[in-house]
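A.B. asks: Can you make the complete structure from the sequences, with help from the hints?
Listed here are the chains, written in short residue letters.
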Amino acid sequence: MSSNYLDIIRPGINTTFQDKGRDHLYHIGIPFSGAMDNRNYLIANKLVNNNLESAVIEFAYQGPHIKYSGEKINFAVTGDVIFSIKKKDTEIEGKCYESYQIENGDEINVISTNKSVYGYLALGGEFDLKFQWNSCSINTKANIGSNDGKKLDVGQRINLKKINSNKDIKKTNYINTKIENIRVIKGTNFDYFSEEGKKIFYEKEFTVSKLSDRMGMRLEGPKIDNIVNTNIKSEGLIKGVIQVPADGNPIIMLSDHGTIGGYPKIGVVASVDYDRLVQMSPGSKIKFKDINLSDAETLFKLYEMETQNLLSQI
Amino acid sequence: MIKNISNLGDAALYCDFGNEVNKSINSQVIKYFKTIKKKKFEGINNLTPSYNKLIISYDLKKTNFKEVKNYVENINAQDSKDINSKKLEIPVCCHENFSMDIKRLEEILKLSREKILENFLNKEYFCYMTGFIAGMPFLGDLDENMRAQRLETPRVKVPKGSVALTEQFANIYTFESPGGWNILGNTPLDVFDSSKEDKPNLINPGDTVIFKEITLDQYKNYNE
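Heads up: the sequence lines are chains A and B, in that order.
As numbered in this note's numbering, residues 1 to 314 make up the first sequence, in order.
As numbered in this note's numbering, residues 1 to 224 make up the second sequence, in order.
No lab work stands behind these hints, which were simulated from the structure alone.
You can take every hint at face value.
Footprint (simulated), chain B over chain A, 3 or more residues, beta carbon under 8 Å:
{"hint": "1", "region": "18–29"}
{"hint": "2", "region": "134–148"}
{"hint": "3", "region": "183–193"}
{"hint": "4", "region": "237–247"}
Quick caveat, the model's predicted, so the values are computed rather than measured.
Every residue gets a Cβ at the ideal spot worked out from N, C-alpha and C, and that includes glycine.
C.D. replies: Written out as structure tokens, the structure is:
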């Protein structure tokens with residue numbers, strides 16, 4: 001029996017363990033999974049002196065309420081998240097991007113994300129989790145990963161197999177920026193859509209629908225008219241692909257997406273904008289902006305440098 | 001042969017082998033898939049073969065479109081003779097408990113239940129690809145007179161093991177999932193097993209599958 005563990009008092013809406021995800025499995029039907037917002041995932045680990053690829057708790061909207069038992073440990077929350085820390089007689093409001101030390105009997109209550117979707121809770125140590133294909137990321141659709149591939153549930157106990165000896169408290173001043181436009185590269189079926197449809201795609205606003213999850217983000221708005229065929233012969237998908245089914249409403253493939261699809265691809269979200277895309281909550285307005293491949297590659301490089309820079313300052 | 005290579009977003013190569021769906025084009029796709037998979041090019045992190053396309057995903061932190069395209073253009077996939085394929089028999093029970101869409105198929109195909117089963121069973125089908133959900137095989141081709149469209153409204157839950165048809169293809173639902181294919185029967189076999197990490201899929205692209213009918217009793221006793 002482990003002497004350091006968490007008890008889940010309230011699991012939250014969609015709370016899972018995530019890490020870097022798993023690769024080389026598309027051909028058998030398994031997507032990458034992994035933390036949706038990769039930058040916030042990495043920062044969370046860095047703030048608690050973890051290996052950057054360690055597993056963290058990812059939550060969406062309402063987060064978990066947990067009680068900790070064991071020796072002293074650090075934790076940090078990243079994203080735009082409202083949470084509190086309850087110690088013996090006091091309850092304080094927590095701040096994102098700062099690590100805190102908790103001890104036996106303390107509670108962390110992640111109340112909600114603020115005008116965003118995903119947040120991350122990292123503990124300074126290693127959870128005792130099952131790995132499948134080198135990742136403990138939970139894919140609830142295929143029931144793959146740790147926790148039998150299921151989201152965290154009330155009353156569960158989660159053991160830690162290691163606690164970091166480095167308990168330095170860390171802090172960074174990161175602010176999650178929102179972007180108005182999501183940059184997209186033209187898809188392989190861009191010419192399936194009418195001139196009017198293409199214009200709508202770039203010029204009109206779309207609203208993120210409530211039917212969005214780790215698999216995909218559904219959008220509502222003016223219909224995008226297809227003039228060639230509303231189906232294609234099924235072929236591979238990648239995250240960020242924007243498919244437009246017969247009803248004319250775009251669907252963006254996210255980290256747990258089906259690996260094969262038969263709807264025309266109008267565009268693909270540039271990698272540089274993926275972390276910010278997934279944080280757009282239902283009701284948010286999205287506008288797409290055309291970008292070419294070479295600009296997308298350059299912007300991603302800059303984004304990646306910025307991430308490394310942020311991490312090195314923690 | 002690859003007819004055209006383009007980019008799918010900024011982190012994947014889209015290799016187009018043509019528009020038709022047939023065994024010869026698909027075998028080309030699979031040859032490329034297996035050759036590239038074996039070579040382990042730094043930065044390539046996923047490969048998705050389908051009927052007539054191969055999508056090659058890569059880590060944009062490690063490589064880029066130009067490098068991967070150049071690499072793929074210079075591969076000699078013809079050399080990989082061994083595509084290492086198996087022939088598999090899949091037991092299927094078509095008892096009314098399982099064949100949820102038999103009435104619909106009888107109407108659309110204008111064939112009796114007996115004729116539908118006769119046309120479907122004991123024939124060789126080629127596995128073009130696996131995916132959508134983990135391990136789901138896309139098998140073909142069904143006889144010309146066996147081709148039906150998807151359900152107009154997909155089911156929210158298709159039972160695990162369902163053997164189903166659409167157009168020229170058959171598939172097997174490896175776990176409970178939403179789906180719109182016409183369900184003809186159910187197999188007691190585990191077609192996907194995530195606990196077998198090195199071989200989770202029973203059926204792989206390039207394999208040949210033959211469906212053999214079993215009775216309800218045989219079905220019930222199958223896993224005992």
